[in-house]
Structures are given as structure tokens and as C-alpha cells.
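Engineer: Generate coordinates for the entire structure from the input sequences, incorporating the hints supplied.
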Amino acid sequence: MKKALIYARFSTDLQNERSIEDQITLCRDYASRNNIDVIDVHEDRARSGGSIMGRDGLLRLLDRAKDGSFDIVVVEALDRLSRDMEDLAGIHKRLSFLGIEIRAVHEGVVNTVLVGLRGLVGQLYREDNAHKVRRGLSGRVGQGLNAGGRAYGYAPIAGDKGKRTIVEAEAQIVRRIFEEYIGGRTPREIAHDLNNEGIAPPRGRSWNASTINGNMQRGTGLIQNELYAGRLVWNKVRMVKDPDTGKRLSRPNAKKDWQTANVPDLWCWNVDQRERQVRAHSYQMFRGHRKRHVPGRKDILSTDSGKRGSCRIGSRDAASKRDCRVCADLSRRAEAPVSQSECETGASRNEARGTQSRDRSTSRRDSQGAR
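In terms of my numbering, the sequence shown is residues 7 to 377.
If you are wondering where the hints come from, they were derived from the structure by calculation, not from laboratory data.
Treat the hints with care, since some could be wrong.
To be verified - When the alpha-carbon atoms are kept at most 16 angstroms apart in a straight line, the in silico EDC-like pairs for lysine to aspartate or glutamate are as follows: (1) K99 to D77; (2) K169 to D271; (3) K247 to E133.
For clarity, every value in this text was computed on a predicted model and none was experimentally measured.
Structural biologist: Rendered as C-alpha cells:
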């Protein structure tokens with residue numbers, strides 16, 4: 007009589023845990039009908055079939071396979087082993103190499119053709135489910151409902167799924183952070199005071215500068231959260247799974263893919279004041295950091311035909327071209343651009359510096375040639 011292990015799995019906490027027991031019962035009945043001796047059962051509860059990482063039951067089964075202590079793996083269906091084509095093919099290849107059969111209750115002995123077909127169907131099913139979930143979340147955002155996660159200053163309304171309400175105690179902290187930031191204080195200084203006062207952070211044990219200013223590309227951080235201005239923004243990032251570790255990693259989406267909805271009932275900071283003053287303060291901080299590196303600084307800011315951030319400087323000088331790019335960036339951040347004459351004055355200064363630098367280089371080369 008051949009010996010066998012049973013493997014069972016269900017995907018999420020939302021599924022009924024009886025699913026495991028039902029799978030095991032079906033597998034035992036199959037083994038009894040086919041004169042197979044079941045010596046042990048391995049299971050994974052609330053584990054996705056999209057990766058073998060983190061599935062201790064399956065990994066223990068694969069380790070035991072090397073000992074030669076059993077001849078067959080019995081599963082209800084192949085998608086219990088994996089819904090990923092690569093993983094399913096790898097499991098089948100390794101067990102076949104060790105002389106171990108895979109048998110599915112509804113399909114019998116598993117071969118290469120069945121692995122290919124079921125692996126493809128399982129992966130397509132998983133990807134289709136992911137698209138449907140995103141479609142559902144997009145619809146919720148369009149209605150101004152929460153698509154997941156918790157923002158500091160808000161709490162879910164019990165019994166009204168997706169709705170949020172302002173937590174006034176936290177909203178006061180949010181207003182304080184904006185006011186101090188606009189007043190000239192750095193995120194590090196603000197976070198230091200909040201920690202000293204024992205104010206609980208959004209997550210973790212302490213406030214950090216990154217909690218406040220976040221990442222501009224990803225649109226994270228308290229001062230970049232447009233929800234405080236009454237606008238819900240969703241789809242800033244997407245999650246991808248590392249095939250080597252099975253860990254989910256976030257990747258920023260292009261701004262054109264972001265979805266927004268107005269939620270005026272969640273407003274807790276004046277929209278115009280917030281955008282104008284925070285951007286102006288960001289410009290002042292940015293200009294301070296660039297002071298050593300940008301020769302023209304404020305002098306290179308100007309407008310052309312009413313467009314903010316453009317410059318009529320036509321110089322081919324590399325320094326001037328660099329300054330023009332900075333001009334476009336700073337002008338977007340600035341409260342108001344400076345005049346065209348100031349822009350041209352800055353360009354002249356940069357061009358003069360470039361000429362002087364080239365003259366010095368020429369003199370050095372001539373001197374070395376004379377030697």
C-alpha cells in the first residue's frame with residue numbers, strides 16, 4: 007500500500023475555516039477508495055496561492071519529500087498547491103524528480119499537460135480577481151468612500167461602510183502641523199515637539215520628519231495628503247510581489263493614473279490657503295538648499311507669455327541651461343515669479359561666469375603648452 011500526505015489550503019481570513027476540514031475529508035475519501043494510506047496532513051490557513059513564500063505547511067511537505075517517507079501527495083485540486091504557473095510547475099518538477107505523484111481528487115494523477123493547463127487557468131483566475139477588486143475600489147472612490155487604509159485625523163463610521171468622520175482631537179494636531187510648517191519650522195522640529203508632548207503618531211511609536219513631509223513622488227506624508235483639503239486621492243501606488251521573496255512592494259503610479267473625488271465633509275484645512283502657503287514655504291526651503299549650487303537663484307525666475315516657470319534665455323551655456331530647468335521647477339513652487347528683467351540679469355551673470363571660467367581654462371592650457 008502506497009503512503010500519502012494530504013495538503014489543504016484556503017486563501018483569506020474572509021473564507022470559512024471549515025474549508026480546510028472539507029478538503030481533508032474529500033482527500034481521505036479519495037485515498038480510501040484508491041487503497042492509499044494517509045500518514046499525515048499539511049495545511050496552510052489564510053494563505054494566498056500566488057506564492058509559496060510564507061506557506062509553512064507546503065514548505066514542510068517539500069522538505070519531507072526529500073526523505074522518501076511517502077509516495078503520493080493528495081489535494082482536492084491543483085490550485086490548492088498554487089495559482090502561479092511557475093510555482094506549480096516547479097512543485098511538480100521537484101516531486102516528480104523524487105518519484106512522488108501528485109493526485110487531485112477531481113482530476114486523478116497529475117501530468118505535465120494538466121499542470122500547464124491548470125497553472126494557466128489558476129493564474130488567470132487570480133489576475134482577473136485582482137482586476138475586479140480594483141474596479142470595485144475605484145467605484146467606491148468615485149462615491150467618495152474609503153478604499154482602504156486609515157488617514158490621521160479621521161475614523162470610520164460604525165455601521166456605515168466606507169464613510170469617515172473627522173476626529174477633532176487629531177484634526178487639531180493636523181492644523182497645528184500645517185500652521186507651524188507654514189510659519190517656517192522644519193518637519194524635524196515639529197516632530198521633535200510632538201514626541202516631547204507625548205502625542206501619539208499615526209503609526210509606530212514616534213513622529214518622524216518623514217511622517218510629516220513624506221515622499222513627493224509617491225504623494226505620501228501628512229502635508230501632502232489632499233484629504234485635509236477635501237479631496238480624496240486614490241491609486242497613488244500599486245503593489246507588486248517580489249518573485250524571489252514573496253513580499254509585496256509598492257511602486258508609484260504616474261499622476262495621470264491617480265483618481266480623485268471631492269469629499270467636502272472631510273475638509274479640515276482651507277484649500278487655497280493650504281496650497282498657496284505650503285508651496286510658498288516649500289519654495290523658501292528649496293531655495294535655501296540650492297543657495298550654494300544655483301548661481302542665479304531668484305534672479306533666474308521669470309514668466310514668458312503669462313506662463314509660470316518659463317524663461318526666454320536662449321544661451322547655449324550649460325550653466326544657463328541648468329538654471330533654466332531650475333527656473334521651471336522653482337517658479338512652480340514660488341508664490342509669484344519675478345520680472346523678466348531680473349531673469350535676464352541673472353542670465354547675464356551666469357553667462358559672464360561661464361565666460362570667465364572658459365578664459366581661465368584656456369589660459370591654463372596655453373601655459374602648459376608653453377612649458
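Engineer: Each of the hints needs a verdict: does it hold here or not?
Structural biologist: Going down the list of hints, with the structure as the test:
1. In summary, the hint linking K99 to D77 is supported, as the alpha carbons are separated by about 15 angstroms, within the 16 angstroms threshold.
2. As the CA atoms of K169 and D271 are separated by approximately 10 angstroms, the hinted pair is consistent with the 16 angstroms bound.
3. For the hint linking K247 to E133, the alpha-carbon distance of about 13 angstroms falls within 16 angstroms, and the restraint holds.
The structure meets every hint from the earlier list without exception.
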